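K.L.:
Residue-level listing of the chains:
Number of protein chains: 2
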Amino acid sequence: MKIQAVKGTRDFYPEEMALRNWIVDGWKRVSVRNGFAEFDGPIFEYLQMYQVKSGDEIVEQLFSFEDRGERKLAIRPEITPTLARMVNQRINSLPRPIKWFSVPRLCRAERPQKGRLREFFQWNIDTIGVDDVYADAEVIFTTIDYLQETGLTAKDIQAKISSRRLLKALFEAAGFVDDELPALYLLLDKKSKLPAETFNEMLEEKVADPARRKIVAQIMGVKELNEVSRLMKLPEEASAAMAELEELFALLEVMGISDYCKFDIGIVRGLAYYTGIVFEVHDIKGELRAVCGGGRYDNLLKDFGGPAVPATGMGMGDCVLEILLRERGLIDESLAARRLDYFVAVLDEALRKDAIALTARLRRKGMRVEMSYKGGGLGKQLKAASDIGASTCVIMGREYIEERKVAVKDMATGVQKLVGTEELLVMP
Amino acid sequence: MKIQAVKGTRDFYPEEMALRNWIVDGWKRVSVRNGFAEFDGPIFEYLQMYQVKSGDEIVEQLFSFEDRGERKLAIRPEITPTLARMVNQRINSLPRPIKWFSVPRLCRAERPQKGRLREFFQWNIDTIGVDDVYADAEVIFTTIDYLQETGLTAKDIQAKISSRRLLKALFEAAGFVDDELPALYLLLDKKSKLPAETFNEMLEEKVADPARRKIVAQIMGVKELNEVSRLMKLPEEASAAMAELEELFALLEVMGISDYCKFDIGIVRGLAYYTGIVFEVHDIKGELRAVCGGGRYDNLLKDFGGPAVPATGMGMGDCVLEILLRERGLIDESLAARRLDYFVAVLDEALRKDAIALTARLRRKGMRVEMSYKGGGLGKQLKAASDIGASTCVIMGREYIEERKVAVKDMATGVQKLVGTEELLVMP
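Sequence order for the protein chains is Z and B.
So in the numbering used here, spot 105 of the first sequence is number 105, and the numbers just go up one at a time.
So in the numbering used here, spot 383 of the second sequence is number 383, and the numbers just go up one at a time.
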């Protein structure tokens with residue numbers, strides 16, 4: 001029997017695992033220093049949970065199944081519904097603001113392509129219970145804080161920022177009603193990925209009235225924040241949304257990341273649940289899918305049966321990020337190299353049990369230690385040591401038998417010195 | 001809409017997550033120091049992969065589903081088949097010994113009960129390509145190395161060790177044929193969990209001949225390794241298995257963990273693929289399920305379409321471990337406490353943007369920093385700081401406006417001193 005991995009999934013051999021750990025550990029470290037606490041939920045939830053608010057694209061991509069009790073379940077395609085469920089369950093006891101992060105494994109039954117797999121890891125940060133636009137700014141800051149730490153600069157990436165609140169106010173002023181908006185957002189979200197002709201055909205399908213199509217084009221054609229007021233006499237809600245965006249950009253300036261940030265009305269986000277500031281980080285060359293995206297979703301907790309509590313967050317998958325980091329040469333090729341404290345070798349096979357004993361004692365002291373499985377002459381053992389990248393060898397020979405001393409050999413310089421085993425056990 | 005979590009799954013709020021991270025980080029650290037490299041596979045694989053060698057109990061507990069291409073898939077209930085698949089795929093290029101570990105999330109569709117959930121995490125360590133019993137000893141050592149580090153002593157836990165190779169030789173000498181053994185092992189594995197009467201009834205069902213049942217009872221009645229030779233004139237294979245067990249116990253002695261280890265012929269392991277040394281770690285009081293189990297499985301790679309390569313390994317779930325650690329008082333209650341470097345507060349609301357800027361700069365230097373979202377008077381902000389466990393506050397007031405200095409306040413002692421912000425940014 002010879003079985004393959006399922007298409008669109010990945011095997012993480014130690015080399016790939018080291019890279020994944022480096023990415024995930026970075027996500028965790030930056031989350032913690034920005035004041036977020038880690039949470040996680042189950043890998044599967046009731047199917048129904050994803051059918052309500054996730055947006056059509058995600059619903060179509062669910063891996064669903066039934067358990068023995070014929071409950072309809074699904075592997076999680078995103079973690080935000082789980083977050084909403086968990087927060088709602090303890091809404092009265094959790095101190096606010098709730099600032100949580102997670103690095104869930106997610107699955108989507110889509111056709112595998114560049115930067116999109118059927119299984120991936122996604123960094124999520126969310127601030128719940130804060131209405132202030134500072135929370136949105138902080139989510140964007142934390143995102144950039146991480147990306148900048150990987151070595152990406154403002155010449156590589158840009159956070160493109162818009163507001164669903166602004167778009168909604170503008171579209172409503174142009175005569176659209178609430179029910180029409182989710183489908184419009186989903187289409188506009190795809191605009192940059194579609195040929196202009198295809199987009200126009202699809203827009204014609206959704207919006208029959210040519211006058212309305214024109215205003216959609218005008219709105220989406222805005223290049224700078226200060227052009228918005230030239231579109232029309234702004235209704236009060238649109239002015240409020242504008243003020244919010246202006247405050248956001250002022251905060252991003254204060255935080256020192258304005259060189260990474262730009263207003264872009266074309267950022268719409270496909271998910272149905274966004275209500276305010278939305279953003280995506282893109283590679284500046286525009287060759288890849290979005291590195292991440294997020295925004296404010298003030299109604300989600302209520303939609304999941306809880307009270308109305310404001311919320312804002314971000315999700316970043318590992319696939320596009322990895323491609324970008326690789327293209328920019330920002331992945332350390334030595335990540336997977338093993339870092340051993342010692343490799344224990346013996347001059348005489350008769351000392352093998354002593355080597356086993358010493359190896360065990362060093363490990364129990366917390367040191368990373370390996371020895372040869374095959375034994376053989378010292379040369380062979382030192383070759384094995386160098387093959388697995390040991391920088392220091394402990395050689396047990398005559399001095400061990402006579403006075404419990406071992407030779408500690410620096411593999412790079414070849415320099416070696418005699419050390420008592422008890423001394424070795426307390427060495428840093 | 002109010003949706004619950006699926007029964008048998010867990011929500012990891014920050015407190016539970018901190019505990020899970022502590023367990024998983026310990027598994028990882030001890031694996032690395034014992035020379036194992038981390039790997040992982042996909043959360044789902046082809047269903048067929050688990051139907052071949054996993055043993056009936058696991059096959060019955062699969063969460064299976066179909067993708068859009070009508071491929072039959074299953075969420076992984078264990079990682080060993082994935083390991084066998086991955087190693088086989090690169091069998092000619094992977095340097096040996098292959099010493100890998102993993103901490104996979106696994107799912108089994110079983111009835112949730114104490115220490116058994118439908119979703120859990122499992123530490124796995126495996127050594128592939130080493131025939132020598134030292135590899136088995138090292139797997140047991142690594143297991144005990146971790147458990148001992150958590151604070152568990154030889155008074156709390158014991159590794160019970162037996163040999164499927166020995167059992168097979170004894171049962172064959174008693175007239176059993178190869179095909180009968182998997183079902184017998186599965187039954188014997190349950191012996192300690194069943195009332196004697198139920199076990200005897202089930203044994204009668206499987207083994208019709210009373211003479212054979214008697215020899216099964218005699219074999220399972222052995223208390224010490226040196227009693228085995230009194231059962232019968234040992235066939236050659238049984239003697240070889242005995243010699244292997246004796247060598248194993250000698251190595252465990254050399255490694256300094258013999259106080260944790262004991263021969264126990266009753267350790268059979270339910271899984272079909274074990275071929276040699278098998279072991280389980282139990283709490284000494286015998287109140288819980290096994291903390292972990294493992295053993296040698298020399299045929300698995302071949303069964304998965306690869307060459308015959310020897311292998312030995314161990315799996316430890318997080319559920320029983322957590323119960324045991326909790327019962328023994330070995331879980332640090334402050335694990336989930338947030339460890340902030342600074343909480344930034346302002347004397348005057350007009351300084352809020354300066355506080356935001358300072359917070360951002362400190363975070364970019366790698367420091368864990370939080371500030372108040374609500375603002376308000378200094379007393380209110382210091383209360384917020386103490387609520388989230390900040391040990392040091394940075395207070396921005398008049399001295400900041402006049403000379404860019406802030407007061408650094410030790411929250412425990414109340415002592416505060418003036419520090420320049422640039423100095424703060426380079427403080428450790």
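It cannot be assumed that every hint is accurate.
Identical copies go unnamed one by one, so any copy, or any two together, can satisfy a pair.
[Said to hold, decoys possible] Below, in silico cross-link-like pairs of lysine-lysine (DSBU-like), each with a Cα-Cα straight-line distance of 35 angstroms or less:
#1 LYS72 <-> LYS233
#2 LYS285 <-> LYS405
#3 LYS365 <-> LYS28
#4 LYS365 <-> LYS191
#5 LYS374 <-> LYS7
#6 LYS285 <-> LYS353
#7 LYS374 <-> LYS160
#8 LYS114 <-> LYS383
#9 LYS2 <-> LYS155
#10 LYS72 <-> LYS190
#11 LYS72 <-> LYS2
#12 LYS262 <-> LYS7
#13 LYS28 <-> LYS383
#14 LYS160 <-> LYS353
#15 LYS302 <-> LYS206
#16 LYS28 <-> LYS160
#17 LYS285 <-> LYS374
#18 LYS193 <-> LYS417
#19 LYS114 <-> LYS193
#20 LYS155 <-> LYS380
#21 LYS214 <-> LYS405
#22 LYS417 <-> LYS262
#23 LYS190 <-> LYS374
#24 LYS214 <-> LYS353
#25 LYS223 <-> LYS262
#26 LYS155 <-> LYS72
Hints are computed from structural coordinates only; laboratory data are not their basis.
A quick note: this is a predicted structure, and the numbers were derived from the prediction, not measured.
K.L.:
Hints first: check each against the structure and report whether it holds.
P.N.:
Consistency of the hints with the structure:
no. : hint              : verdict
1   : LYS72 <-> LYS233  : neither (49 angstroms within a copy, 58 angstroms between copies)
2   : LYS285 <-> LYS405 : neither (60 angstroms within a copy, 42 angstroms between copies)
3   : LYS365 <-> LYS28  : both (27 angstroms within a copy, 15 angstroms between copies)
4   : LYS365 <-> LYS191 : neither (59 angstroms within a copy, 38 angstroms between copies)
5   : LYS374 <-> LYS7   : neither (38 angstroms within a copy, 49 angstroms between copies)
6   : LYS285 <-> LYS353 : between (60 angstroms within a copy, 33 angstroms between copies)
7   : LYS374 <-> LYS160 : between (57 angstroms within a copy, 27 angstroms between copies)
8   : LYS114 <-> LYS383 : neither (40 angstroms within a copy, 49 angstroms between copies)
9   : LYS2 <-> LYS155   : neither (47 angstroms within a copy, 45 angstroms between copies)
10  : LYS72 <-> LYS190  : both (31 angstroms within a copy, 32 angstroms between copies)
11  : LYS72 <-> LYS2    : both (32 angstroms within a copy, 16 angstroms between copies)
12  : LYS262 <-> LYS7   : neither (37 angstroms within a copy, 45 angstroms between copies)
13  : LYS28 <-> LYS383  : between (37 angstroms within a copy, 27 angstroms between copies)
14  : LYS160 <-> LYS353 : between (63 angstroms within a copy, 23 angstroms between copies)
15  : LYS302 <-> LYS206 : within (29 angstroms within a copy, 57 angstroms between copies)
16  : LYS28 <-> LYS160  : within (24 angstroms within a copy, 38 angstroms between copies)
17  : LYS285 <-> LYS374 : neither (52 angstroms within a copy, 39 angstroms between copies)
18  : LYS193 <-> LYS417 : neither (64 angstroms within a copy, 56 angstroms between copies)
19  : LYS114 <-> LYS193 : within (14 angstroms within a copy, 51 angstroms between copies)
20  : LYS155 <-> LYS380 : neither (50 angstroms within a copy, 41 angstroms between copies)
21  : LYS214 <-> LYS405 : neither (86 angstroms within a copy, 56 angstroms between copies)
22  : LYS417 <-> LYS262 : neither (60 angstroms within a copy, 40 angstroms between copies)
23  : LYS190 <-> LYS374 : neither (59 angstroms within a copy, 38 angstroms between copies)
24  : LYS214 <-> LYS353 : neither (83 angstroms within a copy, 41 angstroms between copies)
25  : LYS223 <-> LYS262 : within (10 angstroms within a copy, 75 angstroms between copies)
26  : LYS155 <-> LYS72  : neither (47 angstroms within a copy, 45 angstroms between copies)
In summary, the numbered hints that this structure violates are 1, 2, 4, 5, 8, 9, 12, 17, 18, 20, 21, 22, 23, 24, 26.
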